[in-house]
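Chemist: Sequence lines, in order, name chains A and B.
Counting along the first sequence from 1, when you hit position 29 you're at 29 in this note's numbering, and nothing is skipped either side.
Counting along the second sequence from 1, when you hit position 120 you're at 120 in this note's numbering, and nothing is skipped either side.
It should be emphasised that the hints constitute simulated quantities derived from the structure, not laboratory data.
Think of the CB as a built atom: it goes at the ideal place given N, C-alpha and C, for glycine as much as any other residue.
Be aware that one or more of the hints could be misleading.
Said to hold, decoys possible - Some, not all, of what chain B presents toward chain A, calculated at C-beta under 8 Å:
1. A48
2. L53
3. H56
4. D61
5. E69
6. L70
7. I74
8. Q76
9. R141
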Amino acid sequence: METTGKRRSPLPLKKAEEESSDRIDFQVDRAKQGDLGAFSEIYDQYVGRIYNYIYRMVGSREDAEDITQDTFRLVYTNLKYLRDHSHFIQWLYKIARNEVYKNRRKTRVKPESLEDSSTGILQVLKSEDLEGNPENKLLSVELGKKFKAVLDSLPMNYKETLILATLQELSYHEISQILGRSLSSVKTDVYRARIIISEKMRKYLTSR
Amino acid sequence: MAPSNSCPTEIRLSEHIDGELSENASREIEEHLAHCEACNLVYSSMKATQDLLLEHMPYMDPPDSMRQELLGTISQLQQDTRPWHSAYSLPSLWSSFRIFPLKSRTLAFASIFVVFLVAMISVYNFQRRIDDKRTLAQIERIKTEWAVQDLSRNPFDINGARLQLNSENPFRPYLNER
Chain A
1 METTGKRRSP LPLKKAEEES SDRIDFQVDR AKQGDLGAFS EIYDQYVGRI YNYIYRMVGS
61 REDAEDITQD TFRLVYTNLK YLRDHSHFIQ WLYKIARNEV YKNRRKTRVK PESLEDSSTG
121 ILQVLKSEDL EGNPENKLLS VELGKKFKAV LDSLPMNYKE TLILATLQEL SYHEISQILG
181 RSLSSVKTDV YRARIIISEK MRKYLTSR
Chain B
1 MAPSNSCPTE IRLSEHIDGE LSENASREIE EHLAHCEACN LVYSSMKATQ DLLLEHMPYM
61 DPPDSMRQEL LGTISQLQQD TRPWHSAYSL PSLWSSFRIF PLKSRTLAFA SIFVVFLVAM
121 ISVYNFQRRI DDKRTLAQIE RIKTEWAVQD LSRNPFDING ARLQLNSENP FRPYLNER
């Protein structure tokens, strides 16, 4: 049983992508002066994180692309107002978050409920032989769908906090700065999100 | 095994999953998990959530087309937000001028220089003519200020000349003495 408390990194770790506060400071300074090359470097460094965060929040590739572009456009136009370069990543996430919420207000996508998709899986489980690999693969795919449905059914603040802590590998302190909430509130939300997901997945799997 | 008073809180276990605890605190929790079934159950359940997240929401590379589109838009934004006079600034004029071949550029510079020189000379001559006219006008004014009877053309000839003096005549004391 794995007992380590260290997170697995979902992001590709390359040496060139390691954040250096001096480098960010320099790039942001140059970008503020209208240096498109510096802004391109900033874009290349952070687009992966921002795109994945937005995609995980909205669930649609097309929307994620549009929102990512809007985010970086706003970053470019508002960079001159950024005073503290050391909090650049938090500022970037705040802009992305605002754009995600703006998009949500426009589209109002209803999350897929667990009840709607559960019958499909049960039928698969009853009709197919569960020993063979293709069926296990199918199960894995279906489990993934169910898991996503459960995640989408979470309250927005729980889902967001969990994604930022788990998938975006941000510290609780950074998350509290991005969301504008207290550290204890962030810890509680991450914990509650995990408990809700665990409970729903347990109920779903035991009902099979 | 039921949870005991020595068990960490479930929130603490959640923090441990995210690596938010200090090294000592993490080690203590791991030691506790090794012998506490209740905490182990909770921990495993939350860890499974973590694993599902990482498995079913993997990292995706953003499309390359997004980059080109965005930088194109920003380049356009830069053009639109530049002040109107910046299109005529020296650097932008120079960069527009540099597209022409060197011979043409030299000829153009030489022509501009010659035109500039001719213009400067013309302006200088014109200015001189104006100055001369002003000087002549000044002299005429001085002559009329001095009301002289039976004077020769030279207003400064005081020998034998009766001067109609006015208060501004600087030679008045000399004439009185005579």
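Chemist: State for each hint whether it applies.
Modeler: Right, here's what the structure says about each hint:
no., hint, result
1, A48, "7 Å, holds"
2, L53, "5 Å, holds"
3, H56, "4 Å, holds"
4, D61, "7 Å, holds"
5, E69, "7 Å, holds"
6, L70, "5 Å, holds"
7, I74, "5 Å, holds"
8, Q76, "11 Å, violated"
9, R141, "61 Å, violated"
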